[in-house]
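On the provided structure of chain S, position chains P and L as indicated by the hints.
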Amino acid sequence: MDTFIQQILNGLVLGSMYALVALGYTMVYGVLNLINFAHGDVLMIGAMIGLSILNLLGVYAPDLPGYVQLGIAIIGAIPACMLVNILIERVAYRRLRNAPRLAPLITAIGVSYLLQTFAMMIWGRNPLPFPQLLPSDPIMVGGAVITVTQVLLLVLAAVSMFGLVMLVERTRMGRAMRAVAENPRVAGLMGVDSNKIIVATFAIGAALAAVAGVMWGANYASIQFAMGFMPGLKAFCAAVLGGIGNIYGAMIGGIVLGIIEALGAGYIGELTGGFLGSHYQDIFAFIVLILVLTVRPSGIMGERVADRA
Amino acid sequence: MSEQVILNIEGVNKRFGGLQALTDVRIKINKGQIYGLIGPNGAGKTTFFNVITGLYQPDTGTFELAGKPYSPSAPHAVAKAGIARTFQNIRLFGEMTALENVMVGRHVRSHQGVFGAIFRHKAAREEEAAIRTRAQELLDFVGIGQFASRTSKYLSYGDQRRLEIARALATDPQLLALDEPAAGMNATEKLALRELLVKIKNEGKTVLLIEHDVKLMMGLCDRISVLEYGKLIAEGLPAEIQSNKAVIEAYLGGAH
Amino acid sequence: MLTFDIQKNPKQAYISMALLLAALIIFPFAAAPFGNSWVRIADLALLYIMLAVGLNIVVGFAGLLDLGYIAFYAVGAYMTGLLASPQFATVLESLINMNPAVGEALAAVLGEDIRTNGIHLSVWVIVPLAAALAGLFGALLGAPTLKLRGDYLAIVTLGFGEIIRIFMNNLNDPVNITNGPQGINLIDPIRVFGVNLAGEQGSRATVFIGSFSMPSVNAYYFLFLVLTIATVFITSRLQHSRLGRAWVAIREDEIAAKAMGINTRNVKLLAFSMGATFGGVAGAMFASFQGFVSPESFSLTESIAVLAMVVLGGIGHIPGVVLGGALLAALPEILRHVVEPLQMKLFGKVLIESEVLRQLLYGLAMVVIMLTRPAGLWPSPKHEERPDADSDSKGQSTGVMAA
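Chains as they are written, first to last, in this note's numbering: chain S, 1 to 309; chain P, 1001 to 1256; chain L, 2001 to 2403.
With the rest of the complex left out, here is chain S:
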């Protein structure tokens, strides 16, 4: 039972990060019918920029409390990631809005590749240690263990998602985003500049990924130029699981996928009689994806994709 609670906790932590990244995928797919393949690498950029900021702080302001330093890192990573994502949209995707489906997907893959290459050039090829700034004594919850960093992660994720929901449901821009997500042409007729909204969508998604990226680094204590690929892919699976284009779906899908993966990794040994071990953890996301697409393609909460006919 202890293992079970521990895995659930692990799953929540993992799932929160997936949720943050899944939101970026789902929002972009909702307005453009495009998988922003490079989104996982935006997570990586967030982590890298965060790391660079922390390293600077470590030199010039080492006495600042850990929370504050992390906070500054996040605040610094957000605009950087927004800029990257906006640039990608502007340079790589905008021209291909009406191209046959293969084209933007291939471009996206190329962009992902380039981001990783630039990161490799700037930050090097090897894994980099991420400073552990928060107290590392574990907190007991039931029979399981959680760290302060993980608690912060959960809090930040919840706050971010809450903020996003408020933005989408309560503000003018949020309304415009929902309109463009449903029918860009009609939204245009109502005076909404869909280009601006699309840029905003990319920016917001990037901000969430930045938060996830910095906290990923804080949680796992090590980052590397290729770190964004797998989480990005899994976050996309989470978005599909929840219902592509649906932001509540992305949140739920992320958490659910995180839990499935944690439980799976924890119990797969028993499930397969010792044949498969926990290093098979990564395949759960793909299995979930294949199952969802075969059995219930619209996902848990139903998809919401733009009517681009």
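Incorrect hints may have been included.
Stated by the list, open to error - Take a look, some chain L residues computed to stay more than 10 Å from chain P by CB distance:
hint: 1; residue: 2038
hint: 2; residue: 2096
hint: 3; residue: 2167
hint: 4; residue: 2242
hint: 5; residue: 2253
hint: 6; residue: 2261
hint: 7; residue: 2264
hint: 8; residue: 2294
hint: 9; residue: 2337
hint: 10; residue: 2354
hint: 11; residue: 2372
As the list claims (entries may be wrong) - Here are the simulated SDA-like cross-link-like pairs (lysine to any residue), alpha carbons at most 25 Å apart as the crow flies:
hint: 12; chain 1: L; residue 1: 2147; chain 2: P; residue 2: 1059
hint: 13; chain 1: P; residue 1: 1122; chain 2: L; residue 2: 2147
hint: 14; chain 1: P; residue 1: 1190; chain 2: P; residue 2: 1156
hint: 15; chain 1: P; residue 1: 1068; chain 2: P; residue 2: 1008
hint: 16; chain 1: L; residue 1: 2011; chain 2: P; residue 2: 1129
hint: 17; chain 1: S; residue 1: 196; chain 2: S; residue 2: 151
hint: 18; chain 1: L; residue 1: 2382; chain 2: P; residue 2: 1156
hint: 19; chain 1: P; residue 1: 1153; chain 2: L; residue 2: 2234
hint: 20; chain 1: P; residue 1: 1080; chain 2: L; residue 2: 2267
hint: 21; chain 1: P; residue 1: 1028; chain 2: P; residue 2: 1018
hint: 22; chain 1: P; residue 1: 1068; chain 2: P; residue 2: 1004
hint: 23; chain 1: P; residue 1: 1080; chain 2: P; residue 2: 1059
hint: 24; chain 1: L; residue 1: 2147; chain 2: S; residue 2: 101
hint: 25; chain 1: L; residue 1: 2147; chain 2: P; residue 2: 1071
hint: 26; chain 1: P; residue 1: 1122; chain 2: L; residue 2: 2230
hint: 27; chain 1: L; residue 1: 2147; chain 2: S; residue 2: 100
hint: 28; chain 1: P; residue 1: 1153; chain 2: L; residue 2: 2254
hint: 29; chain 1: L; residue 1: 2147; chain 2: S; residue 2: 98
hint: 30; chain 1: P; residue 1: 1080; chain 2: P; residue 2: 1046
hint: 31; chain 1: P; residue 1: 1153; chain 2: S; residue 2: 101
hint: 32; chain 1: P; residue 1: 1199; chain 2: P; residue 2: 1212
hint: 33; chain 1: L; residue 1: 2011; chain 2: P; residue 2: 1046
hint: 34; chain 1: L; residue 1: 2382; chain 2: L; residue 2: 2194
hint: 35; chain 1: S; residue 1: 196; chain 2: S; residue 2: 86
Calculated directly from the structure, the hints in this document are not laboratory data. Positions of the beta carbon are idealized from the N, C-alpha and C atoms, including for glycine.
What follows is chains P and L alone, placed relative to chain S:
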């Protein structure tokens, strides 16, 4: 005049969520006829087409082609059974030439596979030559023979429609089902289309036709069915249809 | 002008092909004074070209974006690793450890020789077997994707590619099938007609045919050249056939293809299968050439590399794909031999390593090509295009005149 029934369909119902798209629709077409299906927009004509040709699954209905029951479960099975169709918004294989488009139409009546493709033994070569010859014949038949090697997306609108018909004919259908073949055409083009359809009829083919141009239909069809809101409201000779009260109301009715 | 379009211009096409063939045959001898490395690069490039031409069937002809194609390369390579090396002895040993009853029974059936030395099948068995196994996997991995639209198909195939890699990386416990991250070593080199292409022991990688000798890399070069030519030939035949037209029909408009009687499910599965067979054969060759296989050679990066070759060269156009494969496979290696020394000379140190350069090239290739020349560097020659204004006149175009 043959009295053989080519298409006999009864009791078709189709519901999409809350919308009853088709209610108890039936149709009976004799061999060699040009049969028209008309009705106001949204009446369910294309839906019925899609059901007959296997694109949609009906809730109920019996389907018989040339006396044999057929199951409209999948479009390719329907084509194999003998119904070929064209589409309201022309669906050509744009990057292929006109000839290649029609050659694809022969797919269902030929069978060379991987082995034949790689080894090109005698039977394979002969089949390929036969496909090519027949495709050219059909292009000539519909009047665009000289455009055989033109990439089909660059053909003029009228020629694309002809190509689609040629491609459908290539499947050697018992029934040719045309979904608004005259859409977007001017008077001269419609006249040419009419001539082509008569030519097809004279070859002994049976044609089912959806169209909006009532004048064209009246002059062309042997029998006509009228749909409104998914229900059959009239069926008979063109003259009967023209003077049918329900039909007139459906088209002009109310505030129109 | 160099052209390979047999349909349009047969005489010139055959001349071009003959010229190219001559150049390809002379190449290893011309490169000899510069050392073996150039031919070695060409060997690997030929393998990549085989992969690209195979992937072209799936992506180019049928329009199915397969991002996990490297899985079939892995299947062919690992199968060769199991059936042409001492590895199977290890498999048996670990099986016996895990389940002595089953293990001993199997060992008894297979015999003492296999128990000690593993399985060592000849290349004549390995190649068709690799093709068949890969083809089977092609159908298996393609089956769940049949109803998916473009993006989802891409991600699912990517997932499959990753799943295969993860399995290759971890199938070493409890039964050691793939030897995990270390991979399988001591894979037999290829023996054709009694000639060992890696050269006999002590010959310093020189192959002797009669009185004629050549370095091992040259021997492999000619073998791979033959295989590549066969690959190009077969896919070209497939392209211009009833099946090839069915593939393109599905790519252009799947609904219309169905309406014309094409069983799209089977035809798509055929695309996956046929594409996979070439991947499998290339994989088998790779394993024998390199002598070892490990999971690193079969990552997503490789799938994307092959895709980039197809895209850069000209999706759907075989000569273009060959060009793309040659460029992207050879260029980074060539750059490495040129750029790093150049940087040393100019800057005194290497600013951009060739690995980084390679990745930059691939990424840029995909982005720039899609933005500027989406049909690729060498796309299919256009058929007759839009007619001039006067030939579009009604009288000529409809052909059926009012009486």
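How the hints compare with the structure:
| no. | hint | in the structure |
| --- | --- | --- |
| 1 | 2038 | holds, 33 Å |
| 2 | 2096 | holds, 41 Å |
| 3 | 2167 | holds, 29 Å |
| 4 | 2242 | violated, 5 Å |
| 5 | 2253 | violated, 5 Å |
| 6 | 2261 | violated, 3 Å |
| 7 | 2264 | violated, 7 Å |
| 8 | 2294 | holds, 33 Å |
| 9 | 2337 | holds, 39 Å |
| 10 | 2354 | holds, 38 Å |
| 11 | 2372 | holds, 20 Å |
| 12 | L:2147 <-> P:1059 | holds, 22 Å |
| 13 | P:1122 <-> L:2147 | violated, 36 Å |
| 14 | P:1190 <-> P:1156 | holds, 14 Å |
| 15 | P:1068 <-> P:1008 | holds, 9 Å |
| 16 | L:2011 <-> P:1129 | holds, 21 Å |
| 17 | S:196 <-> S:151 | violated, 35 Å |
| 18 | L:2382 <-> P:1156 | holds, 17 Å |
| 19 | P:1153 <-> L:2234 | violated, 29 Å |
| 20 | P:1080 <-> L:2267 | holds, 15 Å |
| 21 | P:1028 <-> P:1018 | violated, 28 Å |
| 22 | P:1068 <-> P:1004 | holds, 12 Å |
| 23 | P:1080 <-> P:1059 | holds, 22 Å |
| 24 | L:2147 <-> S:101 | holds, 16 Å |
| 25 | L:2147 <-> P:1071 | holds, 21 Å |
| 26 | P:1122 <-> L:2230 | holds, 21 Å |
| 27 | L:2147 <-> S:100 | holds, 18 Å |
| 28 | P:1153 <-> L:2254 | holds, 16 Å |
| 29 | L:2147 <-> S:98 | holds, 23 Å |
| 30 | P:1080 <-> P:1046 | holds, 21 Å |
| 31 | P:1153 <-> S:101 | holds, 18 Å |
| 32 | P:1199 <-> P:1212 | holds, 21 Å |
| 33 | L:2011 <-> P:1046 | violated, 50 Å |
| 34 | L:2382 <-> L:2194 | violated, 48 Å |
| 35 | S:196 <-> S:86 | holds, 11 Å |
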